[in-house]
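Peer 1: So the protein lines, in turn, are chains A and B.
Just so we're aligned, residue 1 is where the first sequence starts under the numbering used here, counting upward by one.
Just so we're aligned, residue 377 is where the second sequence starts under the numbering used here, counting upward by one.
No wet-lab data here; the hints were simulated from the structure.
The calculated SDA-like cross-link candidates involving lysine to any residue, where the alpha carbons are at most 25 Å apart (straight line), are:
1) A:Lys324 - B:Gln429
2) A:Lys89 - B:Gln429
3) B:Lys434 - A:Ile333
4) B:Lys447 - A:Gly334
5) A:Lys230 - B:Ala497
6) B:Lys447 - A:Gly118
7) A:Lys230 - A:Val187
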Amino acid sequence: MNRVIGNKVVVVAMTIMFALFMSVTVLAESKSSGDVVEVTEEAEDKRDEIRRAFEEYTRLDSDDVISNIATGDENVLSEVVQVFFGEIKSSLDLMVQILAIAIVQALLSNAGFGLKRGSLDMASLACTASIIAVSIVNATDVFESAERIIVTATEFLHATFPAMVTLSAMSGGAGVSVAVSPMLFFVAEIVVSVVSVIVFPLLSSSLAFAAAEVFSEKKVLKGVSGFVRKTCYWIIGMITVVFTAVTAIKGIVGGSAGVGGSRLLKCFLKFIPVVGDLVSDSLETIVGGLSLIRSVSGVLVMVGVAIIVAIPVLKMFAVGAVYKLSAMLAEAIGAEQGAGFVREAGNSIIAASGMVIAVGVMFIVVVAAVVSVTTV
Amino acid sequence: MLQITIAGIVIAIVVMIVRELKPSMAVLVSIVGCICLLLAALPYIEEVYSLVQRLSEKSGMNSELLISLMKIAGIAMVTEFAADICSDAGEASLGEKIHFVGKIAVLASCVPVITTIFNIAESLAR
Numbered sequence: 001m002n003r004v005i006g007n008k009v010v011v012v013a014m015t016i017m018f019a020l021f022m023s024v025t026v027l028a029e030s031k032s033s034g035d036v037v038e039v040t041e042e043a044e045d046k047r048d049e050i051r052r053a054f055e056e057y058t059r060l061d062s063d064d065v066i067s068n069i070a071t072g073d074e075n076v077l078s079e080v081v082q083v084f085f086g087e088i089k090s091s092l093d094l095m096v097q098i099l100a101i102a103i104v105q106a107l108l109s110n111a112g113f114g115l116k117r118g119s120l121d122m123a124s125l126a127c128t129a130s131i132i133a134v135s136i137v138n139a140t141d142v143f144e145s146a147e148r149i150i151v152t153a154t155e156f157l158h159a160t161f162p163a164m165v166t167l168s169a170m171s172g173g174a175g176v177s178v179a180v181s182p183m184l185f186f187v188a189e190i191v192v193s194v195v196s197v198i199v200f201p202l203l204s205s206s207l208a209f210a211a212a213e214v215f216s217e218k219k220v221l222k223g224v225s226g227f228v229r230k231t232c233y234w235i236i237g238m239i240t241v242v243f244t245a246v247t248a249i250k251g252i253v254g255g256s257a258g259v260g261g262s263r264l265l266k267c268f269l270k271f272i273p274v275v276g277d278l279v280s281d282s283l284e285t286i287v288g289g290l291s292l293i294r295s296v297s298g299v300l301v302m303v304g305v306a307i308i309v310a311i312p313v314l315k316m317f318a319v320g321a322v323y324k325l326s327a328m329l330a331e332a333i334g335a336e337q338g339a340g341f342v343r344e345a346g347n348s349i350i351a352a353s354g355m356v357i358a359v360g361v362m363f364i365v366v367v368a369a370v371v372s373v374t375t376v
Numbered sequence: 377m378l379q380i381t382i383a384g385i386v387i388a389i390v391v392m393i394v395r396e397l398k399p400s401m402a403v404l405v406s407i408v409g410c411i412c413l414l415l416a417a418l419p420y421i422e423e424v425y426s427l428v429q430r431l432s433e434k435s436g437m438n439s440e441l442l443i444s445l446m447k448i449a450g451i452a453m454v455t456e457f458a459a460d461i462c463s464d465a466g467e468a469s470l471g472e473k474i475h476f477v478g479k480i481a482v483l484a485s486c487v488p489v490i491t492t493i494f495n496i497a498e499s500l501a502r
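Bound conformation, chain B alone (with noise of 0.2 Å):
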């Protein structure tokens, strides 16, 4: 974590520096960092996938479920940081656009999920 920390302000810094020198650069130096930083994260975020796994695997959860909240989850997070990074770099209506195509692909996920609910909804009626 305190490498992931000390390289955050390194590239903060050699993004101010840049910015000086070669205002254009900048804004790709930032994003280089941002994904450095984004796989700097995924070991922690594989632990966490690890655990989530062995839970569900422990009680009997139903995996077709887990694995969609997994993908629902992954897309989520990639569609911020992009977004994300579209409004640093001054390209907000870009970001925007990055939101309006994530929430499809959130919703095109959740068929499992929905599904599922539309299942247990059905067998209460009867």
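Chain A extracted, bound-state conformation (with noise of 0.2 Å):
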């Protein structure tokens, strides 16, 4: 025990001397007006580089997204509400669809007076087996544009994380910078990959077993597409607990890495004769600058990554609202087997956005992780 304390401790004390070294080698360089403005252009370039990426991902004007953060846009509701029930609009096709083939299952069911019957028994599983068909092909697609919106906010990440993490060596933490933030970032990918290879093909099969329930009587099967769709939430839930324990480390080591690395340095160069005390103002007013870009730059990013994830799930959301109400309809004329099959796979897709969903919110974690190193 004591010695698995000890191990922590070492680690702990290289993190911090590291963080010093880092910090002492980064802002020493920043003494005269040269390279004051040397650091800053750097800063100023690593600035336009998120920027780009923010409008090349996002096709948006960060000015504008930034100005209407700093004001607090009041429209962004209606907004949100607009695409949702445009979305629901555009999504009720399907909903008609479903309804249609419903219907001619409902006729069949009442000209058999709800017995089973051999001919008309075939014509209805034909019926299910359509409604099948064409809610399987949208789901389908939904989960496909799921794992884009995941792949979209990966490279975007990509595109920024070493401009975001040089602002954050520059403005003084490159303890954090260079030792826990790219932890932070490889268990995100890991994430990412666990998300794309396990968590939608284990979603997508259970549409598969979904179907496979309608047209089985056998009990086995029962219950077996919920069972996956709960699995895909375990795995979620068991990766969100590894990384809140990565982000508690962060908390630990990257907190105090910063603060002792960014005192240290101030203390240090007041013992330099005359200038000392002048030095480590500048350098307080330069690093509170540079602070300044990277928490704007690392909002851009967190924006962004919030504005890539965010609309896509808000569509995901409304295709399974309409699924749901497609399924309570059916089953109200009549197609009890079709609708069954139409609410699982309007849970799956809920399920496919909650994980878009966790993916963005550890994204925005690691920016925020990146950009939260303490100043001097």
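Grab the two chains, each in its own frame, and use the hints to assemble them into the complex.
Peer 2: Next comes the structure, spelled out in structure tokens:
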């Protein structure tokens, strides 16, 4: 036990030492006014790099977004509602298709007076198969778009992360930037891989199981689809726990390293004769300015991730809602079997949107971790 | 609908009377009566069909799928109707055969639906 604690102390101490040397190396260079201009220009270059990536991936003007955030744009909520209902409107075609088939199925069910009759039963099964065919195509399209969202968000993070780490290192958090942030980024990458390689295929297979449940009368298959979906929830839950643990480690190691490094550097500079106090004060101003650039860039990246994830997720929720509504109406008309599948598909779509939200939140936390390096 | 109900009752009474007078003709009258009732119900089925067609046109649904579904529904209903008449006439065995033929016809009409599902499964497997 003592050895483990001892090892942890050594790791923390080494990280702090690393942070100190990195901070000294980076910030000591900004002694002269020429160097200050150089550092500021470099920071501005990195900021512009982030802005370009933001505009490329979100197709929005970064200045407008920042000013909207600063002034608190009141139209955001109404736009969100508009997007949601717009997507519901465009998904209504699917609902109408399901209902058209459900009407035919209801006609057949009523022709048989609810009894199982050979050819009527077969025709009813054909209707159920058609409902499944219509709804599975849209559901798989939604899964594909969910995967695309995650890929786009990852690419956006790849495009902005080096600039973010550099900005963070320039403004005094070199230890955290070099040691901890890449670790968080690495964990986020693993999360993306797990979601793309395991979770989404599992969700797709839950649809296949739901279809099998509809056609099979065996009790073994009942509830398999729900179980597979719950497994996806467990996986994402476990991932969240691991991610929270890594973030907590970052909080302990990164926070102490940042504060310790910055304060020790200030004390060290004060020992320099004659100009020590002056350099120490100007250091505070420079780092303050760089921190501002870093914070604005960080906010821009976080907003970028939120925009990339939020709008498609909103659309996915709308499609999920349409599936649920279609299932309800189809059941009311008399197509119970098909309605069961449509409900399962709706649940899987909502689960997929939950996965995308989880990945988006993790990305935002990674960016926030890079941005939240303590200032001098 | 009231006319169909009254016609049904009248046919039943006629069948009862004919059965008393000439039992061999009663089945024939019953079959004719059933066909008349089915023909009377056709406008209602047509109404449902046009509703489904309108809905599918508006939603941009695959027309081939809808046509095959309607065909399947038609075959199934006619098969049931014919099998029921045979059973009522005391020809249960013939009714079963009609059921069998109906099932094969429904299965044959399911080809577009089955093809659609196979195509989806194939695209999912990729």
